[in-house]
Structures are given as structure tokens and as C-alpha cells.
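Enquirer: Listed below are the residues making up each chain.
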Amino acid sequence: MSVAAPASERVALRCRGLTKVYAEGAARTVALRGVDLDVLQGELLMLVGPSGCGKTTLISVMAGILDRNEGECTVFGQDLQGLRPAARTLFRGRNVGFVFQAFNLLPALTAAENVAVPLLLAGVPRRQALLRAHTLLERVGLLDRAGSPPTSLSGGQQQRVAIARAIVHDPRLVVCDEPTSSLDHETGRRVLEILREVAATPERALVIVTHDPRIFGFADRIAVMDDGRVVRIETPAVPASGSPT
Amino acid sequence: MYLVAWRMLVGDRAKYLGIVMGLTFASLLITQQAAVFTGLMTRTFGALTDIGGADVWVMDPKVQFIDDIKPLQDTELYRVRGVPGVAWAVPLYKGLLKARLESGTFQNCVVIGLDDATLTGGPPRMLEGSLADLRRADGVIVDEDGARGKLARRPAGPDGPAVPLAVGDTLELNDHRAVVVGICRVQRTFQSQPVVYTTYSRATQFAPRERKLLSFVLARARDGEDPRAVADRVQAATGLKALTRDEFKEVTVRYYLKYTGIPINFGVAVALGFIVGLAIAGQTFFNFTLDNLRHFGALKAMGARDGLLLRMILLQAAVTGAIGYGLGVGLATLVGIGASDTELAFRMPWWLLLISAAAITFICLASAALAIRKVVRLEPAIVFRS
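Same order as they appear, the protein sequences are chains A and B. Here numbering that gives the first Met the number 0 is used: the first residue of the first sequence is 0, the next is one more, and so on. Here numbering that gives the first Met the number 0 is used: the first residue of the second sequence is 0, the next is one more, and so on.
By construction, these hints were calculated from the structure, which means they are not laboratory data. Even glycine gets a Cβ: it sits at the ideal position worked out from N, Cα and C. Misleading hints may appear alongside valid ones.
Stated by the list, open to error - Pairwise CB distance ranges (calculated): (1) A:G24 / B:R253: 54 to 62 Å; (2) A:E23 / B:I263: 44 to 52 Å; (3) A:G51 / B:I274: 39 to 47 Å.
What the hints assert, rightly or not - Heads up, incomplete: computed chain A residues facing chain B, CB under 10 Å, no partners named: (4) G63; (5) P106; (6) L119; (7) L152; (8) S153.
Said to hold, decoys possible - To give an idea of the chain B side of the interface with chain A (calculated C-beta under 7 Å), a few residues: (9) R6; (10) Y77; (11) H294; (12) A297; (13) A300; (14) A303; (15) A380.
All chains, full assembly: derive it from the sequences and hints.
Expert: If you want it as C-alpha cells, here you go:
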């Protein structure tokens, strides 16, 4: 199994010998057992595997929100664990976008305000941030719901807002955790199409954790995980219809 | 992001109202109970506030507070007058005498006998008549609250209104006829008894026969003399206790604080308000933070630093604290205004508001500290856990 990218490809994310152990009292759970994986720029990589195989732990380490125990992980050449906490937070804020399984939209804010949050965190003036948020909402087809609170949106609409939020600050890495798990098939496909369209650009890398085989066709490569390891890398046999690949 | 913090707070209306109500309740209870306590303590030295003109109060060395009367011999007045630095000294009678009302019932009254010649120490505000009217035969001046309340004539019928004691009415003080020649306004006394002013000689006639009847000697320091120094000289020369007015107020309050259960009772109420407020506001605020933990985690993941989240939580605590404090103090003030013409003792000096503000600030900071601790320790990876 080859995880290393060809020398000609530009690597967005490189993991080598990644190990993560959760220890609580005497109990130890090894979540990652020496993961080797590259994600290329412009690539949409899916992480698949059974529950508890370490997919979520892996994207948490990749995104710099969880410390590894051993190994190496660089994001666009930067080892996040080597940064001081404030610098790491700053790097994350500028370079990483998140799409969560449960959307994690702030219920007290409107859709546009939710989308604007990463920009506000980066210090962009509110008016400017909202303007950009509206542009992104237009791209995901939700401009008419810009003033609506998340609770008045359907699951698919909320996930589209979350996608807009993930890319509003133009991050270089977007990580998505089960983006379609709470959506029906058609909505899931639509969300993936949008993700593919707005997120997968040559300068950006997309890593999606999923259990949903119906969306495998959107991936450029699929990393299959089991028991804390990447056991094989696959290329989808049948690309999803409408997918640019 | 501070606007986001505010929107997060008010977005969860039930918890927001819960926190504000907890703080309002704490603020109300702390301020109101402390104000009543302060009002009661102020009433303990009400006579000292009303009886003006004198710098130094001279009394028996064993006197512990203003109502603890241990009479002196009349000759002590002349000894005080002879002390260097004393401009003038006058006698004052203060005692509790029974007044017999028209209905035949009896009512204890505080009787204050003023120096016949100068009427020094008279009521601060006359509503009807004048202080000089005390020189009329059997003349007494009655305080407004006493005239309207405990000394008022009972109605003829069961539903008829009480008729306030008025100028020209008579009453019996210890079997002596007294004629009301004036109505005055004074501080309410600690036990809310009516206050009756008369001359010193008439007061000693009203009082039961005793060998000694002089309650206090009121003295004034000469211009340029320090009243405290004059009091020291009076003490040294006569062997009596001499206190300035402010010192006597302090001594009186200290006595009540030390020998009565009042501070403990009010302290318990204030402490309860503080604890209940802390419990309600603290727990609700903490629950609010727990409910929003995933959102805080998401914000952390998206690049929010701990310092920013800390300031957001402090802002939420400060906003709820300010609103709760304002509502609580406002309600306490309304209680005070509503009770201004009643028996309720209520005094809210500026420093009481500061104490109340400090207590609410503490509650808010303690609540915020719990929440901040949770959020700062929060791993942003929580957002990926189901």
C-alpha cells in the first residue's frame, strides 16, 4: 500500500507514524497506531472505516485540535504541534475550515451571522464579514435564508450554511466529519456536490470522514482505516454523477 | 465577537431570565435587608440626630447607649459649666413615661425635657405651633407619627377613622395634665414610641419622683475649641463620661450590634440572599455554559483564543450582573419609597449600594470562574465527538 504522494504532486497534508493514545486512569485506548498518509492539494480524500477505527481522531490531529503522541503531521509544511497554543489557534483560524456532523451552528445567530463567525474571529469588521457571508450563502443557494435562524432551516440547509462557514475565510484545508449522516440521500448528494464545487480548488485540500457509501463516488481517493491504521487507499470505481472527477 | 456573546446569552431566554432573576433576587434581598438593618441602626440614635446644638454629651460613666438612662445629680450641670472650654451647658431630661389616652388605654412615650431658659435641643422641624409655645402652661409638643398613630383618638364607631392628636388637645402624662401646643417631625425611635417634648422642669414634674432626674448635660465647646478635647477635660474634671455627638452615636450602635440579636438576624437574611443568589445564578450560568460547550468548542476549533472566550464569558456575566443588580436595587428602592410613611426602618446610603454591588460582582465572578474553567480546559476536539 502506498500512502506517499508522487514527488511531482504538491502535498497539502503529510502524516507519518502518527500515534494517538487516550489514557484515562489506568485505562489506555490506542486510537491511532502509526498512520502514514498524504493528502494532496486540490484533492478530496475520504476517510472511511468501521466505528472506533480512529477516523475522527485522525482528522482532529490533522486539523490541529488534538495532540498526537508520536509521529509527524504537517499541514502545508507546518507542524501544528510544534507551534505555541496561540500560534496554533491563529494558524487554525486562518487555514482550516470545519464542517461538523451536528452542524454546530449558533442557534442565537442568523445564518449569515453564523457564516461570518470565522471572519469575526479573524478580526474582520462586522459589516465586511456579513457582506462576505452573504456572498458565500449565495454560492450555496441560501441567500434568501440569510436572515433566518438555524432552527428554522432544514438539515440540508443547515449543513449548507455550515459549509459556507467552513470556507468563508478561504482556508487551505477543510475537514468534514460525517457531513451527510443526518441527511437523506438526495440532500446528502446535493451537499457533497456543493462541497466539491466550492471547496475543492487546486490550492485547497478536503478531508471527509464518512460512513456513507453513497457519497464515495465524490472522492478522489478513499483511505480505508481499521484499528487505528490506514489499511488501504482506494480510488472510487464509479465517480458520482455530477462530480467533476 | 462580543455581540455574538450577547446574542448567545439572550438566545437561551429561559436560562438568561433564570440568571437575571437569581441575581435580581440576591441584589434585592441583600440591599433591602441591609437597608432595613441600617435604618434600624439609625433609629437607635434618632434622638441624638434630632437633639442638635450641643457638641458634647455628658452622662453617667456607666451609660452604654442613648436609651440607657442613669440619672445624674442636678449639681453636675454646674460642674460641667465650670470646665474650661465649655461655652455653655444645659440640662436634658430623657425618659419613658406613660401617657393615658382619652380611651383610657396607656401608651409609653419618650419624654424629652429641654432647658427651660433656652429650649436647647428642640425638635428639628415644627409642623404646627412653635418651640416657644412650650412655655405655655402644661405645654407639650408631640411628634407627627405619634400624634397620627399611637396617641391618636380612637374612632367612635368600629369603622371610623382615628382622629390625630392636634394642637389644643390634652393628654395625661403620669397623672399630669399636658396640653398639645405643637406638632413636630422627628426621627422615628427604635421602638417607634411617640416622642413628647416639654421643658426640663415640667418633665421632671411628669416623671416619677426620684432623687436624681438629670439624664444628660448638653455642652457646647467655645469657638475654636476641639469638642473632643473639651469632652476629655469634662471627663477629667467631673469623673463623668463625656462624648461628642458622633462618638455617642457610635457607642449606641456598637451596643446594639454587640448585645442584641439584630445583626445576626439581618446578617442571616443577607447571607441567605447572597447564598441563594450565588446558587441560582452560579448554577444557571454554569448550566448555560455546559449547554453551549459544543459551541465554545466549535469556536475554539475555528480559531477563538482562550482569552477571547474568557472575555466573552465575563461580558455575559457582567451584563447579567448589571441587569440583575439594577433590577434588585431598583426594587429595593421601590420598597423603601413605598415604606417611607410606615413603621419599616429603611435607609439606603451610597456605601450600601457599593456593598451590594460588590456582593453581586462576587457572585458573577464566581459563576463566570466556573464557566471559564470549563471552557479553558475544553479540548476543541470535543466538536467531533458525538
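Enquirer: For every hint, state whether the structure bears it out.
Expert: Hint check results:
no.: 1; hint: A:G24 / B:R253: 54 to 62 Å; result: holds (57 Å)
no.: 2; hint: A:E23 / B:I263: 44 to 52 Å; result: holds (48 Å)
no.: 3; hint: A:G51 / B:I274: 39 to 47 Å; result: holds (45 Å)
no.: 4; hint: G63; result: holds (9 Å)
no.: 5; hint: P106; result: holds (6 Å)
no.: 6; hint: L119; result: holds (5 Å)
no.: 7; hint: L152; result: violated (15 Å)
no.: 8; hint: S153; result: violated (20 Å)
no.: 9; hint: R6; result: holds (4 Å)
no.: 10; hint: Y77; result: violated (80 Å)
no.: 11; hint: H294; result: holds (6 Å)
no.: 12; hint: A297; result: holds (4 Å)
no.: 13; hint: A300; result: holds (5 Å)
no.: 14; hint: A303; result: holds (5 Å)
no.: 15; hint: A380; result: holds (4 Å)
Going down the numbered hints, you'll see the structure goes against 7, 8, 10, while the others check out.
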